[in-house]
Amino acid sequence: MSMITGTLNQYIQCVERMYRTGQGNILSRLLSLRDEHVYNRNLLSSDIATLVTGNCVAPLDELVIAHLSCLKALYASDYIEAYDHQSICVASVVKLLQGQKEENWCLPVMYAACLDLRLVAQKAEASSPQNGSKIMEKAAESLLACFRVCAADNRASDVDTKKIGMLCLVNQLLKVYFRINKLHLCKPLIRAIDSSPFKDQFPLAQQITYRYFVGRKAMFDSDYRLADEYLSFAFENCHRRSIRNKRLILTYLVPVKMLLGFMPAKYLLEKYDLLQFWDLISAVKNGDLRGIDMVMEEHEKFFITAGIYLIVEKLKITAYRNLFRKVYLAENSHQIDIASFEAALQIMGQEDVDSDETQCIVANLIYDGKIKGYISYQHKKVVVSKQNAFPPLSSLY
Amino acid sequence: MSSYFDYFCTHIEKNSDTIRGTCNSMCPDEEVILREREDLVHVLEVLGPIRKYVKSYSRSAADTNIAKPNLLRPYSVLIDTLHYLLLEVTKRKEVSSVMVYDFVNDRLRAIRQDMTIQRLPPEQCVKLLEPMIRFYVYYGYKFSNLSTKGFDSDLNKKYLLECIKWFLSCIDTMDLSTNRNIDLLSDFISNLNIKNVRRYRLGYDRVLMECLYILCNLDDVHPLYRYLNFSKDLKSDPRLNLAFKIAIANMKGNYIKIFKSMKTLCPLSYCALCTYMPVLQRKALLTLAHAYNSKKFVVPIEVITRWLRLSSNRDTIKVCSHYGIKTEGNNILFNKGEFKTDAFLHQTSLEDDTMKHLDLSVDNIFTYSS
Chain A
1 MSMITGTLNQ YIQCVERMYR TGQGNILSRL LSLRDEHVYN RNLLSSDIAT LVTGNCVAPL
61 DELVIAHLSC LKALYASDYI EAYDHQSICV ASVVKLLQGQ KEENWCLPVM YAACLDLRLV
121 AQKAEASSPQ NGSKIMEKAA ESLLACFRVC AADNRASDVD TKKIGMLCLV NQLLKVYFRI
181 NKLHLCKPLI RAIDSSPFKD QFPLAQQITY RYFVGRKAMF DSDYRLADEY LSFAFENCHR
241 RSIRNKRLIL TYLVPVKMLL GFMPAKYLLE KYDLLQFWDL ISAVKNGDLR GIDMVMEEHE
301 KFFITAGIYL IVEKLKITAY RNLFRKVYLA ENSHQIDIAS FEAALQIMGQ EDVDSDETQC
361 IVANLIYDGK IKGYISYQHK KVVVSKQNAF PPLSSLY
Chain B
1 MSSYFDYFCT HIEKNSDTIR GTCNSMCPDE EVILREREDL VHVLEVLGPI RKYVKSYSRS
61 AADTNIAKPN LLRPYSVLID TLHYLLLEVT KRKEVSSVMV YDFVNDRLRA IRQDMTIQRL
121 PPEQCVKLLE PMIRFYVYYG YKFSNLSTKG FDSDLNKKYL LECIKWFLSC IDTMDLSTNR
181 NIDLLSDFIS NLNIKNVRRY RLGYDRVLME CLYILCNLDD VHPLYRYLNF SKDLKSDPRL
241 NLAFKIAIAN MKGNYIKIFK SMKTLCPLSY CALCTYMPVL QRKALLTLAH AYNSKKFVVP
301 IEVITRWLRL SSNRDTIKVC SHYGIKTEGN NILFNKGEFK TDAFLHQTSL EDDTMKHLDL
361 SVDNIFTYSS
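Residue numbers (full-length UniProt numbering), protein chains in the order written: chain A, 1 to 397; chain B, 1 to 370.
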């Protein structure tokens, strides 16, 4: 039977058969909003509930009614209504899962319903901006209900446990929380996954998504080593054809790497259409503070929407280090006048910097270990170590 | 953290049916009778022969119903109560200032409770919350330098954050419903380079509150991300821009820049930053101990006094010895190994020249617009 031309009855029979024979993957497609059956106009009856009830086994009937009603609302472009039906859909999946002890073949159905829920919620949110993030918050609650069922499945054996479904849900939740800017809610989810015995058994694709978000969270919390580890894993394991995803990962990985002292090659930035970073990289390398300000102004929107503006701001510290290193190489001495550093800062556009502030900047670099040496206030000189006065940044973290 | 606010979000916004207060005095009659009978009159409620009761805060217990109209004060009464508390009670001198603080704080909590139960609209909430935020910032500053008995700075900060977050969330709700189109328009206008009329002042100083949110949370990046997503003309407001620059300087450990910019702050922003001073000074001293670490080279005391905006050289010596830094005559000998990283925060005296120029009187603090 073709899913695009079949009748409603044929569709219901097909769904039932897949349910009885435990074919989770096919069933998930039949109940997804991203499958070809959604183009079948025969499924959009005016009275779905009466046609399905009695015609389909419980608890599947509820699910089918909610799914088809959602579809109908989507065709009518009523996204709020569609969202309500899809959330009933997810609630029915929760009931379905709760009823199935010691089996987990239904997880794909849950994955599909949850992903659809988030997508519909986004649509609904866009269609009614006056609601703010309320719809997304409600969607998160529905997702959490699924999460609880999975996380609480302690009795089933490793093969049949629903716990394996946790990561997919956590990923959906992370996406929601990042979207509505409630990052503090991520912490318990991350803890649940990191302490899970299935940590390394989750599907690779899910692990990549997970590390991408946790990496971004670590970046937000200024834990750059952890951010580097997670984002690098995501980048290295991401499928080579997923250019868009790789670009997304790099948007965060590049500035993190730069802070840790690794400058990406130009061809990489070209390949992923991230040349916004190239001017920044050369400005940081040259200690060109005015240049950094110019790049930040030019690409302000990109840096802000990506949430990396503050990291770029922090790269100025690296620029100070590079600038002072140039002065040190030019003076070819282990004792450098504060005045030389001050002059260099002023040439680079920091006109209002005086001797006090120059010393403050140097003091911070010494404290961070980026310059080895000390300042003599009486002589107004910075005395740097004879060996490795400016250790490579990559050796510091 | 912000309990009222959470309550507000989870329980109240969902239902639109509201309860309107009918109590037209600062304290419901029921409570007046009860407190007279039980002899629960606060000293600050006694004004010579008359008694001026203000509704006190009480937790909602399971068996009591606090959502009774005759126990709740409508918006106009709440505003009057707020004015009375902040502009009259805070001037009372016959009891200690901590006692005044405790009294006012308790009565402010009762106001917030009335606001929550009645589900006041955001337009009214902002007007009630704004002066409260001023109150918590001001008293946080006033009590910060002396180890005042009975004043809990953490609790004060908790109430402050509760009010600020509630305030900002109201602002966002209001923005959402009205400013979508205005924003586009104002982008258009600012592109035309016409200095547009201030649209943020509606009887409350939004920009000042945004500044305080940044300056009261210098170790937190959330206020900065909030700032970055503002519209262009809000971002370029000189006061807000200055607060952002101070936060950025703090992120980079640039204490010189922070202290330099203090001169141009408005009184409350100044208070907010002052409360953070001890943290800044400790961080700066730790940095200095590493950078000027030497057995023979010293740094004159007066230089450190100037750099860290300490009130006197004597004060500098006190702070230094508190953190294990040695002084020798008029000089300081920095040694990174001797810095006591586990020492508790040293509260320094906040008297300095800038303060003398600021009008920190109660009348000004609670009413000025920057």
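Hints were generated in silico from the structure; no laboratory data involved.
Since this is a predicted model, take the numbers as computed values, not measurements.
Heads up, a few of these hints could be off.
[Stated by the list, open to error] A few chain B residues that don't get close to chain A, going by computed Cβ distances all over 10 angstroms:
#1 E45
#2 Q124
#3 S153
#4 D154
#5 N254
#6 L288
#7 Y323
#8 T327
#9 D342
#10 A343
[Unchecked claim] Output of the computed footprint for chain A on chain B, the stretches with three or more beta carbons under 8 angstroms from beta carbons of chain A:
#11 76-90
#12 103-111
#13 225-234
#14 289-300
[Claimed, not checked] The calculated DSBU-like cross-link candidates involving lysine-lysine, where the alpha carbons are at most 35 angstroms apart (straight line), are:
#15 B:K260 to B:K91
#16 A:K386 to B:K91
#17 B:K165 to A:K316
Backbone N, C-alpha and C fix where the C-beta goes; we use that ideal spot for every residue, glycine too.
Each hint tested on the structure:
no. : hint             : result
1   : E45              : holds (40 angstroms)
2   : Q124             : holds (19 angstroms)
3   : S153             : holds (23 angstroms)
4   : D154             : holds (19 angstroms)
5   : N254             : violated (6 angstroms)
6   : L288             : violated (6 angstroms)
7   : Y323             : holds (15 angstroms)
8   : T327             : holds (14 angstroms)
9   : D342             : holds (18 angstroms)
10  : A343             : holds (18 angstroms)
11  : 76-90            : violated (count 0)
12  : 103-111          : violated (count 0)
13  : 225-234          : holds (count 3)
14  : 289-300          : holds (count 9)
15  : B:K260 to B:K91  : holds (32 angstroms)
16  : A:K386 to B:K91  : violated (63 angstroms)
17  : B:K165 to A:K316 : holds (31 angstroms)
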